[in-house]
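Given these sequences and hints, build the entire structure.
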Amino acid sequence: MIDVREAITQVHHEEWARVVAALTRRFGDLDIAEEAAAEAFATAVERWPADGVPPNPGAWLTTTANRKAIDRIRRESKRDEKQREAQMLYDDDPSEPLSAIHDDRLRLIFTCCHPALAMETRVALTLRMVGGLTVREIARAFLVQETAMERRITRAKAKIKEARIPYRVPSAEDLPSRLSGVLAVLFLVFNEGYLASGPDTDPVRHDLTAEAIRLTRLIRGLMPQDGEVAGLLALMLLIEARRTARVSAGGELVTLDEQDRGAWDAAMVAEGHRLVRERLATGVAPGRYQILAAINAVHTSAREMRDTDWSQVVALYDQLVRLDSSPIVALNRAVAVAELDGPEVALAAVDHLADKLAGYHAYHATRADLLRRLGRSRDSRAAYDKAIELAANTAEIAYLTRRRDQLV
Amino acid sequence: MHYMISVIHDAASLATEDEMAAIDVFNDRLNADGHWVFAGGLASPTSATVIDNRGSGEALFTDGPFVETKEYLAGFWVIEAPDLDAALKLAAEGSKACNRKVEVRPFLGVAE
Chain R
1 MIDVREAITQ VHHEEWARVV AALTRRFGDL DIAEEAAAEA FATAVERWPA DGVPPNPGAW
61 LTTTANRKAI DRIRRESKRD EKQREAQMLY DDDPSEPLSA IHDDRLRLIF TCCHPALAME
121 TRVALTLRMV GGLTVREIAR AFLVQETAME RRITRAKAKI KEARIPYRVP SAEDLPSRLS
181 GVLAVLFLVF NEGYLASGPD TDPVRHDLTA EAIRLTRLIR GLMPQDGEVA GLLALMLLIE
241 ARRTARVSAG GELVTLDEQD RGAWDAAMVA EGHRLVRERL ATGVAPGRYQ ILAAINAVHT
301 SAREMRDTDW SQVVALYDQL VRLDSSPIVA LNRAVAVAEL DGPEVALAAV DHLADKLAGY
361 HAYHATRADL LRRLGRSRDS RAAYDKAIEL AANTAEIAYL TRRRDQLV
Chain X
1001 MHYMISVIHD AASLATEDEM AAIDVFNDRL NADGHWVFAG GLASPTSATV IDNRGSGEAL
1061 FTDGPFVETK EYLAGFWVIE APDLDAALKL AAEGSKACNR KVEVRPFLGV AE
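Protein sequence lines correspond, in order, to chains R and X. Residue 408 is where the first sequence ends in the numbering used here, and the numbering goes up by one at each step. Residue 1112 is where the second sequence ends in the numbering used here, and the numbering goes up by one at each step.
Only true hints are included.
List time: in silico DSBU-like cross-link candidates among lysine-lysine, alpha-carbon distance up to 35 Å:
hint: 1; chain 1: R; residue 1: 159; chain 2: X; residue 2: 1089
hint: 2; chain 1: X; residue 1: 1096; chain 2: R; residue 2: 157
hint: 3; chain 1: R; residue 1: 157; chain 2: X; residue 2: 1101
hint: 4; chain 1: X; residue 1: 1096; chain 2: R; residue 2: 159
hint: 5; chain 1: X; residue 1: 1070; chain 2: R; residue 2: 157
hint: 6; chain 1: X; residue 1: 1089; chain 2: R; residue 2: 356
hint: 7; chain 1: R; residue 1: 356; chain 2: X; residue 2: 1096
hint: 8; chain 1: R; residue 1: 161; chain 2: X; residue 2: 1101
hint: 9; chain 1: X; residue 1: 1070; chain 2: R; residue 2: 161
hint: 10; chain 1: X; residue 1: 1101; chain 2: X; residue 2: 1089
hint: 11; chain 1: X; residue 1: 1070; chain 2: R; residue 2: 159
Computed from the model, here is a short list of chain R residues facing chain X with C-beta under 8 Å:
hint: 12; residue: 116
hint: 13; residue: 162
hint: 14; residue: 163
hint: 15; residue: 164
hint: 16; residue: 165
hint: 17; residue: 166
Keep in mind the hints are simulated off the structure, nothing from the lab. Given the structure is predicted, the values throughout are model-derived calculations rather than measurements. Glycine is no exception: its CB is placed at the ideal position from the N, C-alpha and C atoms.
Following this line, the structure appears as structure tokens:
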């Protein structure tokens, strides 16, 4: 019985996106595909414990879902057939420019992450349609009412249909920008798990980080040649590997220099390093995620904090600044500079960012730490106060508070 | 599939000569590629009259636009496009040509 439950969970992970994607392709309707897939899985939950898990669960689910979808269309057949056809999602471009990319799941991902949808909508739709999370799970993850999340998803499906957002993988010309939009959605899901916000949430939401990794792996399987997909997967793995070491038993953030490096997940670190090396070997200029992954690879290669190759970290940040001149990148670069050239040089760089980052907790936390190291306790205390006021993650607030209270 | 590209503007100024020339080029391209349905520029919102003939009495005329806003509809294109991706590309070109923000909205249930 328990085995059947586990089997269903596993099949759900492996087959949900495939079933929804295939049905969307066949019936041209996300709503029908989603509902029929959900019904098929509900039927599996009902029947498999008695009948046993079928030899090919994926095929069983697709067949069952197909039948459910046809039932629904028959029930609604009084609806004007022509209009329904006119509103079908479709791919009018049979001469697919990237013939290697024919998996329906990719179409599904690109449709859910379409730039005409709001970012929060893309996140919700991707988690529902591709990830197979329930509306309730997504609502809980983003701290909104279930009814509000339901509305958001329903509106998105209606817009896709009415505005005719196509169900296809973008043309080669649009692919890089559209793919970076997809990766941004996945990274946002990961970050919300990694630095969960809100006083009542766990500081690390493993469900969200794991889901983001799972979906990135899925895309990696579908687009194995893409450097940024590999980079994002490596980045997530190298951060996730440190998850248990990052928060103390008392719920406080443990910074990199104080982490028990033996508690890092060695398999994840190894996989992340392998991906980074694989990208380096191609000799192709890395994108943002690949550089961030490389920075994390340097950190996770050091046995002790003092073994960290800081000149390499700073060099990678210099490379990143050329691609992304955002003040947040400059702030992170300054943190590495502090290790290489000392806190005074770093503080000067950080103070340059005052205008742009005054509302960002990490700016004040970084300043507080640099001021502390320079022995400027009073200024440091003020910066910690500001950082605590702006921080939203409980573990981070606990850490900042302790650091402030230890100032002399 | 038909889409409306609305041109949004927030000043009383009309299109400059350069903008008009760019719009002409864009219109020619819409025609040549089979996207053209209709287009037009609108006079300023202050020239609008609101009519309400829902009641049983005489139609009621009111001077001015139905809602006073900072941004208003300055003109529009109605285009034919296979899907939103194609419509968004054309809208981006239109925005560049007329040098104003535009909004894309699908027509309801118009097939082919």
